[in-house]
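Count the sequence shown with the working numbering and you get residues 2 to 57, in order.
Every clue listed holds true.
Now the in silico label distances, taken between C-beta atoms and shown as ranges:
hint : residue 1 : residue 2 : range
1    : CYS25     : ARG5      : 24 to 32 Å
2    : VAL15     : ALA35     : 25 to 33 Å
3    : VAL37     : ARG7      : 40 to 48 Å
4    : ARG5      : ALA36     : 40 to 48 Å
Since the hints were derived computationally from the structure, they do not count as laboratory data.
Glycine is no exception: its CB is placed at the ideal position from the N, C-alpha and C atoms.
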Amino acid sequence: MKLRKRLENWRKKVIFIFMVVLYCVLVLYCILLAAVGLRVPSRCRCPFPLHLQVLT
Numbered sequence: 002m003k004l005r006k007r008l009e010n011w012r013k014k015v016i017f018i019f020m021v022v023l024y025c026v027l028v029l030y031c032i033l034l035a036a037v038g039l040r041v042p043s044r045c046r047c048p049f050p051l052h053l054q055v056l057t
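The whole structure should be built from the sequences, with the hints applied where relevant.
Spelled out as structure tokens, the structure:
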């Protein structure tokens with residue numbers, strides 16, 4: 002029972018870390034596109050409106 006709870010907590014942590022990493026990668030991708038001067042894709046603009054407002 003204790004082990005199961007620990008596994009659930011571990012899984013939540015892994016999912017959280019994965020989400021944070023994914024978010025960082027997408028933000029960096031958007032920053033890179035903006036730096037290179039390419040048109041930022043609309044899917045980049047949707048999840049991160051604040052980041053792009055700071056950038057531009």
